Each structure stands twice: as C-alpha cells, then as structure tokens.
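Engineer: Protein chains in written order, with the working numbering: chain A, 1 to 109; chain B, 1001 to 1115.
These aren't lab readings, by the way, just hints derived from the structure by calculation. Predicted model only: the values in this text are computed from it and were never measured. Keep in mind that a hint or two might mislead.
[As the list claims (entries may be wrong)] Simulated pairs of lysine-lysine, BS3-like, Cα-Cα distance not exceeding 30 Å:
| hint | chain 1 | residue 1 | chain 2 | residue 2 |
| --- | --- | --- | --- | --- |
| 1 | A | 101 | B | 1014 |
| 2 | B | 1057 | B | 1071 |
| 3 | B | 1009 | B | 1071 |
| 4 | A | 69 | A | 26 |
| 5 | A | 101 | A | 70 |
| 6 | A | 56 | A | 70 |
| 7 | B | 1057 | B | 1014 |
| 8 | A | 56 | A | 26 |
| 9 | A | 26 | A | 101 |
| 10 | A | 101 | B | 1009 |
| 11 | A | 70 | B | 1057 |
| 12 | A | 101 | B | 1057 |
| 13 | A | 26 | A | 70 |
| 14 | A | 56 | A | 101 |
| 15 | B | 1057 | A | 26 |
[As the list claims (entries may be wrong)] What the simulated footprint calls covered on chain A by chain B, stretch by stretch (three residues with Cβ under 8 Å from a Cβ of chain B suffice, anywhere in the stretch; the number is not a length):
| hint | stretch |
| --- | --- |
| 16 | 37-49 |
| 17 | 52-65 |
Note that the Cβ used here is the ideal one computed from N, Cα and C, for glycine as well.
Chain by chain, the residues:
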Amino acid sequence: SQQGEEDPQALSIQEGENATMNCSYKTSINNLQWYRQNSGRGLVHLILIRSNEREKHSGRLRVTLDTSKKSSSLLITASRAADTASYFCATDRGTALIFGKGTTLSVSS
Amino acid sequence: NAGVTQTPKFQVLKTGQSMTLQCAQDMNHNSMYWYRQDPGMGLRLIYYSASEGTTDKGEVPNGYNVSRLNKREFSLRLESAAPSQTSVYFCASSEVPPGSYQPQHFGDGTRLSIL
C-alpha cells in the first residue's frame, strides 16, 4: 500500500519559475526522501530529511517536513528544462522504502 | 563507476515462460531491493535483502522468487510469467536498510512484456 501521496500529479511551468510538490504520508517515519526519475531511467536520490528536521536545502532544492501534519514539500527554484522529470517521495517502513505515485514536472523553455 | 547494473534492459516473454532478471552493484552495499513500476502505481517493493544471506517479501511478492547470490548480486526470477507481470523492474541498493538514513541507488530498469 502507498505510504506517500504526491500532489499535484502533474505540473507544467516555464523556465525560471519555481515548482512546488507536496507529499502526504500516513504513519510515523524516521526519514523522508525525495527522488527524481528522468524518462526511461532509474530513480536518483535528491535529498533526505530526518524526522527531527524541519527544513533542508541542497542547491536549488528546498525540502520541508511537518510531522504534525504528516506532510512534506519539495521546492525547486529557478526551474530549468533539465528539471523535467517525475518526482517521488519515499518514507521508511522498517527495512523498506515506500514510494508515492509521483508528480510529473514539465518545464518548458 | 557503474553503480547498479541490470540485465537485460528489455525482454519479451510468452505466458508461462520463465526468466531471471539480474542485478549487480559495485558500491559494497549491504542491502538490495527489487521493485516493479506500473503506470499510475508508483514503485512497489517485490522482495528485498537487508544483508547477504537474507531475503524477505515486500508488498507484491506473489509469482516471484529471489536469490542473493553474494554481496554484489541479487536476482529476481519469474517461474511462470503472466501478463499481469508486464512492468518495468528496478533493482536498488543501499549501504544499510532505510531506517538508518541512507539513500537507495537504482539501476535503469528492465522493461518486461509478457504476451
């Protein structure tokens, strides 16, 4: 069963705009991770945020975590065409990661 | 620096045929995983191996078997393929299981069609 659910399912923006994706989950977690998947490729790890952290930055990425609302958001600033991909959140459940269904981001130039 | 390598990249099978998907990692990771990805379903865990010598069922194990051949290799076998197993299969590895704050590294997938 899916643990994380991303919102929106699809997002289309122009280059230079910011993109925000949200993830909600159901049970308590140790950490939440975000992954990117380019078409026809495997998933690539972007960022991990621990349950005791509220915000984390990595380059143009900003992730927030609200454990009281069981939600996380991924912000990509100054989007580029190369950011076009699907983005997944994943939460840990013991020895496994549970992935959401993903947000498909399309950045047009 | 290959990371996680999956073979084959594409395969077409007939219903009832058997096949083994191969996965190897060169990062000296302890944990390995097999997922399937279907349209609109995200990734679902089939089996995982937390460490060499151990394997455990994930969310959707029916119709599959796995072998952790050694620390590097983790194979997935379809004994009698069914059309419902048409999917993209991903292998992943991590240094330790997810609860220890380690990311997973993915291969580029095997696209499997069963007619």
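Engineer: Please list, smallest to largest, the hint numbers that this structure does not respect.
Structural biologist: When the structure is compared with the hints, only number 17 turns out to be violated.
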